[in-house]
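S.K.: Residues per chain, in single letters:
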Amino acid sequence: MAVFELPEWTALAPALILVATALLLFVFDSINPRTSNRSLLAGTSAIGSLTALGVAVWFMLAGVGTPSVDGGRGVVELFGGQFIVDQMALFFMVVVAVVTALVAVASYDYMEDHAYQAEYYSLVMLAATGMATMAAANSLVTIFIALELASLPSYALVSILKNNRGSVEAGLKYFLIGALSSAIFVYGVSLVYGATGHLQLDAIAENLEGAGEYGGLLGLGILMMIGGFAFKTASVPFHFWAPEAYEGAPAPISAFLSSASKAAGFVIAFRVFTTAFPIEATTAVIGIDWSLAFVILAIVTMTLGNFAAATQDNVKRMLAYSSIGHAGYALIGLAGLSADGGQLVMGAAMMHLLVYGFMNTGAFLFVALAEYWGVGRTFEDYNGLATQAPVACFALGIFMFSLAGIPPLGGFFSKYFLFVGAIEAGMLVVAAALVVNSALSLYYYARLVKAVWIEDPVADRGTLSQPTGLYAAIVFAAVLTVVALPVFGPIADAALDAAAVVIG
Amino acid sequence: MMIEALIAVALVGALVTFIAPNRIAGKLAFAISLIPAALSLWMFTVFDGSGNALLDGELAFESQMEWIQLGDYTISWFVGLDGISLPLVVLTTVLTTLAIMSSWTPIDDRESQFYGLLLFIEANLIGVFTALDFFVWFIFWEAVLIPMYLLIGVWGGPRRKYAAIKFFVYTNVASLLMFGAFITLVFGLGDAVTSFALPEVASAMLDGGPEGFLGVGGSTLASIVFVAMFLGFAVKVPIVPFHTWLPDAHVEAPTPASVLLAGVLLKMGTYALLRFNFTMFPEQVEAYAIPIAAIAVISVIYGAMLALAQTDLKRIVAYSSVSSMGYVILGLIAYTQFGVGGATFQMVSHGLISGLMFMAVGVIYNATHTRMVTDMSGMADRMPVAVGILVAGAFGYMGLPLMSGFFGEFTIFFGAFGAEQLPYSELFTPLAMFGIVIVAGYLLFALQRTVFGPYHLETDYEVGRAPLHDVAPMFVLLGIIILLGVAPELIFEMITDAVDPILENGGEL
Amino acid sequence: MSVAIEYYVLLSMALFCIGLFGILTRRNALMFLMSVEIMLNAANINLIAFAFYHGNLTGQVFALFTMALAAAEVAVGLGIILVLYRNFRDVDVTVPTTMRW
Amino acid sequence: MEGLFDYAPAIALFPLAAFVIALAFGNYLPKKGAIPGIVATGGSLALSLAMLAAVAGGEEGYYHDTLYTWAAGDAASEVGPEGIEFTFGILIDPLAALMLVIVSLISFLVHVFSLGYMNDEGETGLPRYYAGLGLFTFSMLAFVYADNLLMAFMFFELVGLCSFLLIGFWFRTRSAPSAAKKAFLVTRFGDYFFLIGVIAIAATFGTLQFAGNDSFIAAAEAAIDGNEQLFGFGAETWVTITALLVLGGVVGKSAQFPLHTWLPDAMEGPTTVSALIHAATMVAAGVYLVARMFGYYALSPTALAIVAFVGGFTALFAATMGCVKDDVKQVLAYSTISQYGYMMLGLGVGGYVAGVFHLMNHAFFKALLFLGAGAVIILMHHEQNMWKMGGLKDKAPVTYWTFVAGALALAGIIPFSGFWSKDEILYDALIVGLEEPLILAAYAMGLVAVFFTGFYTFRMVFLTFHGKPRSEAAEDPHGVGWSIKLPLLTLGVLAVVAGIANLAPVYKLTGIELTFLESWLEGGLEGTTYVAYTELLGDVYDTGFIGTESTTVLIAAGLSLALAFSGAGVAWKLYNVPEPVRHTEKLGGAYDVLRSNYYQDEYQVWLAEGLTLPLARAADRFDQTVIDGTVDGVSTASLFGSDRVKRIQTGIVTNYAALLVTGFIVLLIVLGILGGWFV
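Residue numbers (full-length UniProt numbering), protein chains in the order written: chain P, 1 to 504; chain A, 1 to 509; chain R, 1 to 101; chain F, 1 to 679.
Just so you know, not all the hints are guaranteed correct.
[As the list claims (entries may be wrong)] Quick look at which bits of chain R chain F covers, simulated, 3 or more residues with Cβ under 8 Å: (1) 6 to 18; (2) 93 to 99.
[Unchecked claim] In silico DSS-like links for lysine-lysine, alpha-carbon gap of 30 Å or less: (3) A:K161 <-> F:K646; (4) F:K485 <-> F:K388; (5) P:K162 <-> F:K468.
Since the hints were derived computationally from the structure, they do not count as laboratory data. We treat Cβ as the ideally placed atom computed from N, Cα and C, and that holds for glycine.
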């Protein structure tokens, strides 16, 4: 594998490919803004993201980012440490690329009647670029820029259905909360900068001791930065945008935001807190273990998400809340970090985000399919769909049970590894909360399965078409969700190695 | 690779059946299910294992392969059979085949999905009884939930949605509790274990036990884990007061699902208790002998009393399962060869008999479309063969000698009566034994009112003789029940061979 | 020689709180947006002051980035407020409540 | 001769084969399965007789062999070996050989009788009937020659099943299934104690063998001699406890007070079944079991005394109830209970030979009476009320004379068989009772019962056969065929002559060796012979005489004969008239009590339906509301909480900002305080 022959900057290739695709789509857009050549546009996006995926996987296999001692090619640092390409970066690029590909394919049908197709796809690709960049960002500057690069197109994408009140309302709320959050985040960055004098993560870590007198300031800064991550990952209390944004946005975008965007939010949180604020050193300065904040956030987030999801009538909104709940699960990955490790729990969170990428995207894409059919949005509207669309409903069953963490599906391992990690880290309270929430989540996931598989169909709804793109994306996501279980060995290895490298 | 073949046949069969046309699904599934049944019977005849799978026994059909490296721990695909698991595997395969045949009449909607799910359950159940790595085992253990949820939910009775979700959530919560407890134990064992393989954990447990975890001392930790796992399994078994999901699930489930639920799924709980609590925690078993025995007695008597109050045939059989599982717990806590061996035998026996009972009730339901005791009488007049088998099954349930139930109960009682491990065993045992009187009471009451007396039916259906394919599975079951009642050593020998090593560590041998 | 760093921080905090107050009280979307801008600028003050304090330029550079991004954000925001007005005939942020609970 | 024992299993297996054939092919066979049944029981009878001869003629005088190991394993017993084997084995000693003959003979005769009673009357479901008879005969025979307590228990249960099936033969009625259920349940209640006893004995001694050096009886004796502590009790106390537990099964099966209530109801079954199961054989199983393990009871004076007292009480108690019954079968049922009471009394006072002797005689004459009653029922076109009969004497002489023979035997009139055995029992009770007040009370009850026995027996005879016909059916009786007469004649002869088997009073008075049965029972395995029992009993009971032995014999015989005659005489006076009337009003309040069977049914039904059932319903309500309510409550509470939680999301974005900031500040305060940032 000829990685070394390539210049170092090519380590960012996945992100670069994504941005190139976006630019290519801009070219299409500028040539013919009203083009309805959906195959070309969706195809370009899909190919672009798949190429990014392929490159990322190739890099991973080739050992980019694996420390040399483990026989890899070493972590690649770029631009004076502003970017870093290690296994975690590649891992999350994979997540982002997979989700983007699925979303692009699904949008082929979903955005059928939309006027400005090219613009839509290029926004998706730009957001994906932002997320991929987030995975590699290693300085608060690049992190902030990447964050905004992911966020700004997302605002637009959520409200892209300009004549749909829901979409606009969703976009507005998303934007307003997002703007507020990024203001808080930047303020936090400024405080951290004030305390340490640096924005590059490694440098911050090195200068923590010097911040001794500004312990409170640094603590506040860290907390405000947590706010920024919480917004991106839809964690309490910065989650308020999520239910509305996911519900109002076009379903593929909901999938995109709830899977890829969330994962990207987590990767920066992982990186910042492992690289810039190593627990021991930070605790010495700010007087408290910041993982406590994540313990609280994890418990509150998963509880709120699951409880609010339990009695929803609207499927998409249920999935939105469930997405908040899963953010809570993944937060265990940060809550479980401790001075003497946390590799297992963080690795588990990474695995969970990967599998979540398949299953949650799949679930939202099913909603997209239902919206495409126009069967309605509530559970009742979904009643008995299985008799008319068994394949898609079978896939939905897979997504739901996988989200609930029932074997033999991919969601099982990641959820239970989180559970294992929580116990290993000694967070029995979190583990208990996980049990309670898991039970509740079982209830509402099963409720959706019940609707499509068990309930009798409501009034005659006519024949349902089988849109190729949506079906392909859903089936592909389902296959990934199922296959994830037997091939979990490599997934776990990759995630745990990545976590090990970051934690150091 | 025979075990993998068993599971694979069932899994592939499930998929094939799933996409087969409804018309042929039943026959196809039956044909497919014959393969694992035959295979497992063949394995039964050539079985050459000895000892206990967790305690350095010679495993039959062992196979092991690394799967996932989770930090310091390895998760392996690890399966194998010993004298405890083999009878249960055979029970599973045979009962599935028969359950499939008994579904031909009642299931007339979405057949291919139904039979596909049955085969899927079979695959998972085989996995539960053969897996020897905790994670592998847990995967199968939990994967049973999905098909059972759907079987109850889609093809069940009027309150099927409530019953299905109750079953699903309740048992899952219990599993989570148990999972957490076991993982805590593994961490508590520290460096002594490097994998989740049950034999390794078991030997570490018996070799000094946990060193402690999270500031909790080793023996306290072991006790906490023991109790938590016991509670987790108690729901699955189910043991009073965690039993309320069972009657709902049974009553609402379609007959073949009830057959598997009572026949095999409940045994998952007792099997797990035997494999985990009673194999790995001899000291705790001793320490908690009295409360557990008390729970067992309460389960027997309370379950039987509840059955007495029911008027729905299926509910009667469902509650009687609670009662019967109480016997199993009593046998386990006795911690003697006859107690534990009898409990294991009783798992198989109860599987056969309750399966038979549910089938028989199902046949009556197929004809009458009611299960209420008050709605019918004199069924023997119209369906003599089916009723004959029902009566035979009922007497089997009451523990009639020369049927397998008697052997199971007798050995449990005998094993428990003289158990030195269990204080007051000579009081607990007679108390629990009173169940055999109550069981006779409610079953005879039910029989008297439904199958005997002048013919009468509240519902508007013409009742005729049951078709052969409804009766044939019951005949087969009855045959096995009598065979095991007359020649229990067929499986009891291999069971005791596998049970002995457990008792060497703490029980009485 | 110069104003102590604490005063810059106090200023920026005051500005931040003013912005926050605006967000919590103003219902007009444009005012909301402006309040966010105030908060961002509070951060900018910090960054520049600290850059001066620490004697490196990182903070100043970052402040530039922040300004650019704030502009981009406003652009997107105005677009959204535009479609908001088109759909709801109002720029009151409390009006769109079709989705809740 | 000894080689013949190899065929012993066939005694039981023949009827099993008949069961299978009748069940599987009965519908396609002529006579619907009767032929295989007759052939099989005939074969069993022949083999049993051969066994009898072999036991008599063999050098050892018994046959004991373990055939099959049912289960084996390790179990620590209190005393005895570490391992235990549960086996099937055959023990044919004089007692078993005798019982085998009785059972197979009566079963054979009942099969023959059934040809006339069931086949000729056009019953449906005959294969089921014959299958039931076959299974019963198999189980009973296997029970009889079981060589260990567990095997005995197993077949004890199986005969219970057959009893259930055969009582409920006419399942289309309401009463038969109810009676069948009651029979099984009540006996099951007794068997519950029996099973505890079996398990306790097995857990104590590590063996369940009846006979031989490794029998539990020998082990118990050794334990008592060694003053062992068993389960925290002294050895003798523990033996008493276990013996009484086993007695539970006996009381249930042999319909002793207080578990006798099922037997009268069991008359719902066909009369042939009553004759075979509920008179001659199955009910005898209990008493036979006591005889079988008599050595064990003999170790415990308390247990023996209880056996005796229960027997004596039941004898009187049932006899009084028999006096007011109108249904001929009911009278016989109560008489059966009463007679088994005598047997228990006999065994309880140590009259092993007497008890077994009465068991044999009773089997003959009671089977005879039931079959006779069956013949009467056919004659009467299925009318069982004696008040509608009368005058059958001339119309059915064979039935009449055989019935009278049975009645005389039952009433204990010299020289019919019943006299000899009953007299011996009472004599044995008397000599012990002279030393033991409790036994004397039992004796007194047994003695008084003789009067009632004479009374109800002849009341039945007179009402049925004498006087004028009191219904159309009685005037024009249905004829009966050879298949009915033949068994009646056979049993009639036996009822008359069987007493010769053991003329103990004659021996005691004259010294002429006419005690064949006693010497017969002296054979067999060491420890299970009459000789061994006599030795054991020497430690248990003292005996006394009124004057000499001869005077005691004469007094005892004279008393019982006098009472029997006076009972019969009263019946003669009251009912041997052309138009008999009820004299029940003279009894006053006592009549209601008797008529209601001392309210025994009522309280037992109340226990089941008035106590247990409401308790079960209460448990059900508790389960539904409290336990399940908790489960559902958790779910309801969660969903309610869910409904509240989601209200946070008000839809107004300004609120979101406020909540967001609030949440952030709360987090800040918590962490700030913990981290000391505000200091």
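S.K.: To test your reading of the hints: which numbers does this structure violate?
M.R.: 1, 5
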